[in-house]
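Chemist: Just so you know, the protein sequences line up as chains B and W, in that order. One point on numbering: in UniProt numbering, the residue at position 24 of the first sequence is 24, and numbering is uninterrupted. One point on numbering: in UniProt numbering, the residue at position 102 of the second sequence is 102, and numbering is uninterrupted.
By construction, these hints were calculated from the structure, which means they are not laboratory data.
In this list, chains with the same sequence are indistinguishable; a pair is considered to hold if it fits within one copy or across any two.
Straight-line distance between alpha carbons at most 25 Å, and here's what the computed SDA-like set of lysine to any residue pairs gives:
#1 Lys120 x Arg60
#2 Lys79 x Thr69
#3 Lys120 x Gly50
#4 Lys120 x His49
#5 Lys120 x Glu131
#6 Lys104 x Ala93
#7 Lys120 x Pro108
#8 Lys120 x Ser107
2 protein chains.
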Amino acid sequence: MPNTARWAATLTLTATAVCGPLAGGAHAAPDSVSPGLYAPSALVLTVGHGYSAATATPERAATLNCAPTASGTHPAAIKACAELRAYGGDFDALPDRDGAMCTKQFSPVVVTAVGVWQGKRVSYEHTFANECVKNSSGMSVFTF
Amino acid sequence: MPNTARWAATLTLTATAVCGPLAGGAHAAPDSVSPGLYAPSALVLTVGHGYSAATATPERAATLNCAPTASGTHPAAIKACAELRAYGGDFDALPDRDGAMCTKQFSPVVVTAVGVWQGKRVSYEHTFANECVKNSSGMSVFTF
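Taking the hints into account, I'd like the entire structure generated from these sequences.
Modeler: Here's what the structure looks like:
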């Protein structure tokens with residue numbers, strides 16, 4: 001067996017041993033292992049005007065795929081994936097953009113994220129007081 | 001104003017007048033109007049082994065964007081979008097593939113679809129008896 005193949009096999013076995021029982025299948029191992037062996041991270045992000053996702057029509061939607069590579073209709077997919085990865089896919093943990101100045105006008109905007117992050121289902125919803133506050137929050141993720 | 005610009009402006013105004021109040025914004029008008037003025041259709045589809053989405057780990061996930069054009073990590077995005085469009089985005093209405101022969105082995109596979117279809121939120125879940133039954137159902141949509 002050539003060295004490269006042996007390395008690949010070792011990595012695969014290690015990944016399966018570590019992640020298999022947790023993640024439930026070969027496709028569900030972390031995305032750092034190899035392009036064919038990763039936990040899926042695929043999201044639909046929406047933005048709409050209103051108080052809650054239940055009543056607000058999603059006016060804009062973007063797909064964001066982060067494994068094995070960043071893609072989607074999100075205009076800054078690579079940046080959005082990097083931000084989410086930095087905060088372990090925790091939408092609530094995403095920091096605000098520095099230096100944003102917003103009025104206190106109340107014109108609520110609701111954002112949602114549904115799908116899968118590193119093999120775990122995601123269902124996130126957050127309401128901002130207005131579009132400016134939304135754009136100053138979460139860096140690139142909901143800026144589309 | 002040149003003729004083209006006048007036409008574009010007329011179309012935009014008409015679309016806003018017809019669809020604005022219903023859909024809540026310029027981005028939420030039907031996708032037949034113009035590429036910049038459409039109701040979003042963006043989905044995350046998942047497949048996992050288990051009885052229900054609540055307990056099954058999503059082993060594979062694909063993004064599928066159908067407006068204004070078909071894209072995503074779904075391997076047959078154009079076909080999947082065409083099928084969904086033909087059945088008005090009703091996942092339950094998708095017909096089975098003709099001529100599929102499956103055993104009755106019980107090894108449940110659960111599929112989910114979340115996101116937005118023509119501006120309406122989607123949350124779909126279905127459990128098939130086994131992978132073969134899943135692949136014979138819904139044509140291209142869950143075949144990834």
